[in-house]
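4 protein chains.
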Amino acid sequence: MTQLLNQDSVSTSNVAALPRRERDRLQRRLDILQAAEIVFSRKGYHDASIEEIARAAEYGTGTVYLYFKDKEALYAELVEDKIRGMVEHIERAAAGASDPIEALRCVVRARMEFFDRNREFFRIYMNVRTEMGRPKGGKWEQIVRLRDRYVELITRLVRAAQRRGLIRKGDARQFAVALTGIMRQLTRDWLRSNNGRSLTDSVDFVADLFLSGALAKR
Amino acid sequence: MTQLLNQDSVSTSNVAALPRRERDRLQRRLDILQAAEIVFSRKGYHDASIEEIARAAEYGTGTVYLYFKDKEALYAELVEDKIRGMVEHIERAAAGASDPIEALRCVVRARMEFFDRNREFFRIYMNVRTEMGRPKGGKWEQIVRLRDRYVELITRLVRAAQRRGLIRKGDARQFAVALTGIMRQLTRDWLRSNNGRSLTDSVDFVADLFLSGALAKR
Amino acid sequence: MTQLLNQDSVSTSNVAALPRRERDRLQRRLDILQAAEIVFSRKGYHDASIEEIARAAEYGTGTVYLYFKDKEALYAELVEDKIRGMVEHIERAAAGASDPIEALRCVVRARMEFFDRNREFFRIYMNVRTEMGRPKGGKWEQIVRLRDRYVELITRLVRAAQRRGLIRKGDARQFAVALTGIMRQLTRDWLRSNNGRSLTDSVDFVADLFLSGALAKR
Amino acid sequence: MTQLLNQDSVSTSNVAALPRRERDRLQRRLDILQAAEIVFSRKGYHDASIEEIARAAEYGTGTVYLYFKDKEALYAELVEDKIRGMVEHIERAAAGASDPIEALRCVVRARMEFFDRNREFFRIYMNVRTEMGRPKGGKWEQIVRLRDRYVELITRLVRAAQRRGLIRKGDARQFAVALTGIMRQLTRDWLRSNNGRSLTDSVDFVADLFLSGALAKR
DNA sequence: TATGAATGAGAGTTCATTCAT
DNA sequence: CATGAATGAACTCTCATTCAT
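Residue numbers (my numbering), protein chains in the order written: chain A, 1295 to 1512; chain S, 1295 to 1512; chain Y, 1295 to 1512; chain Z, 1295 to 1512.
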């Protein structure tokens, strides 16, 4: 419960190398973000109160507003951090692969691992869009861009595989979207069922289904 | 914007055959549900106010409460109606097919058609789970059961196809979940992109991907 | 439970002798008053709704407004009727007595009897003053006048007794007020304790205490 | 209008001796209670709005809810404070007396003094029971217990006097109830008449009537 | 005349946000 | 900087009253 913003989150990195003032400031931001993650995860956006988040982070209510413009900005920041963490985790995983098909398998594995490790964050991620009325600042665009980066990574891999004749012709992006859909729905189902299994166990199922389809081998 | 609750909604049926009193009552319920659909679609559950819904339906605020216990009940009713409409539409479509594979294609087609016709409802459907803190009444269980009926229909078709050797072995339910995921994500993408194309155009893509996979024919 | 507005209520009398239209009208008024008594008794002024009263009287909501200007007027009418019933009951009782002391005993007995028979009405009577924000019409003055009539009856009896040397000198009205206070508080206590005893059992206690005081005979 | 919650209220005591934080908090509570007393006294429970009370206390609406759970709790607190103030005032008065009869006179005097000083509170006190639908918390029981303490004090005094042969035999509690009834009704009358006289002037009348009765000395 | 569906003003309550300390 | 008490706009929901039928 305490370590929800772990290595997958980017904000933490390099904090140590900054001047003290700056470092303290970032640390407090992080404290609040971590508390926010826990509270938002438990209650959802609307039912979480700033007061509760501040209390969970062991700060005063007003302090939150020194680091985040408003509730929405805090939420958006949190979501952005998380998604960035996921995307970078996936990108790192893909970078190590030698061919597009293997890379796709790595992406699936990395994606599933990330959710395995961030189960609590799941509800936030799955409901980003409607929980609030579109953050006013540019934050929303940033988040969308991050998501796109993820889809585009897959799209590029699909395209590369298509060039090598490993994936049949067709709209590469559509393939990518479909693949993310499979993962997403399995994740959703996994979260709901609440049984002990790990999401990572489904990696092969996902990759096989995506690559070979459901058709029986004749 | 006006025809959101169309033939896909079950409540509308047979209204004409009832005694006048009852018919009027149902009509007003429907007016309010339609207005609610529009407003909830635009603003989400929390940001929609009863006042605004009433106004949109051209009724007074209090009138809404003559037909629905509270905001939550109105929302739940709306969601249930819609999902029931979808599930029944899909079940009808599947019933007409002669073999499981064709049935699956019919299901995909019916599903996509439904979303094509209910674009505005999309956001509600996609975010049913977290918008509110679980309706107290049994409504929620009903909604979950409806969703399950849909997944189970597909699961049964997959299983039937497996028995005939048309789909390879494996957890039938997992196949079903994956298929819904593909559709869902394409729908999501379609909604976002906002281009003129119809979701129904993706039917073959979905079915082919699901059945044959993305692998290039050797 | 059904016969709360019984012989103690004056409205009922002579209904039979009127032209039909007028008689029907009075009958409906009475129906509503009886229903109102039950509902107000059970719920108090604020928590009783016109809808519920109408329903209890087996009329439509709107019908109530054909007979009473508003909720307040209905309540005031009811209270007035009841108090008038009590006052007249008491006056009749006093009229039969041959001397002031006996008359006072009769008054006490009649008063207690009335409450015994109208237990349900008690809460209304005891809280007339503050349950609503002073009826605008002259109704309030009428009610106050009725109450005064009751106090003045006792005052006159006290004064008569004083003239005959049966009651010591002093402000007759103050004696009267004190006597009503004794009765009222015993009634209050009786209602609260809810034991089977009858209020009428206290008649002698009240009269003796009032007349002879609590002092032990030397 | 300003000094309604005076020395008779217990909450006020010792405020000065507390740490500043706590003291401020109590002070604000008191501000609100005082405003509530005025507004409730003028309008009764239902017609008084939190908004109006807050405004009268020169606070924002929400502030009231920082100090009281809800309207009911505010009202109950106020009533309890007041009644506790009265009961303790009376108990102190009784403690100083040397014999039961004198103690009863002291009780009557203290009781009348309290009402003289808290005229505005009168309507609240007189209508505690029905104004609201029974506070949920244990508050109501506390209030009832306070009232009982008051009646029981008198009952004990009556009993003591009976043992000494100063009051004749009989249900001591009934005597006590009767005595409170006399005071209560005189108070009621005094409030209504609105003449300049003081309630305390009636102390002897009450005590004499209760002890010696109204009967003329033969 | 009787009805009861519709109304909307107004209530209690919450909570994101501010700001004096 | 950090605080958390104070704020008040905005919400949901109720119900006395009206009025078309």
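Note that these hints are calculated values from the structure, not bench results.
Mixed in with the good hints there might be a few duds.
In silico lysine-lysine, DSSO-like type, Cα no more than 27 Å apart, as pairs [to be verified]: (1) 1463/Z to 1337/Y; (2) 1337/Y to 1363/S; (3) 1433/Z to 1365/Z; (4) 1433/S to 1363/S; (5) 1337/A to 1365/S; (6) 1337/S to 1337/A; (7) 1365/Z to 1363/S.
Pairwise CB distance ranges (calculated) [said to hold, decoys possible]: (8) 1432/Y to 1337/S: 47 to 57 Å; (9) 1492/Z to 1320/Y: 45 to 55 Å; (10) 1360/Y to 1336/A: 36 to 46 Å; (11) 1488/S to 1336/A: 26 to 36 Å; (12) 1457/Z to 1464/Y: 44 to 54 Å; (13) 1392/S to 1435/A: 27 to 37 Å; (14) 1462/A to 1442/S: 30 to 40 Å.
Bear in mind the structure is a predicted one, so any value in this text is a computation, not a measurement.
Even glycine gets a Cβ: it sits at the ideal position worked out from N, Cα and C.
Item to complete: May I ask which of the numbered hints given earlier this structure violates, with the numbers listed in increasing order?
Response: Result: hints 1, 10, 12 and 13 break, sorted rising.
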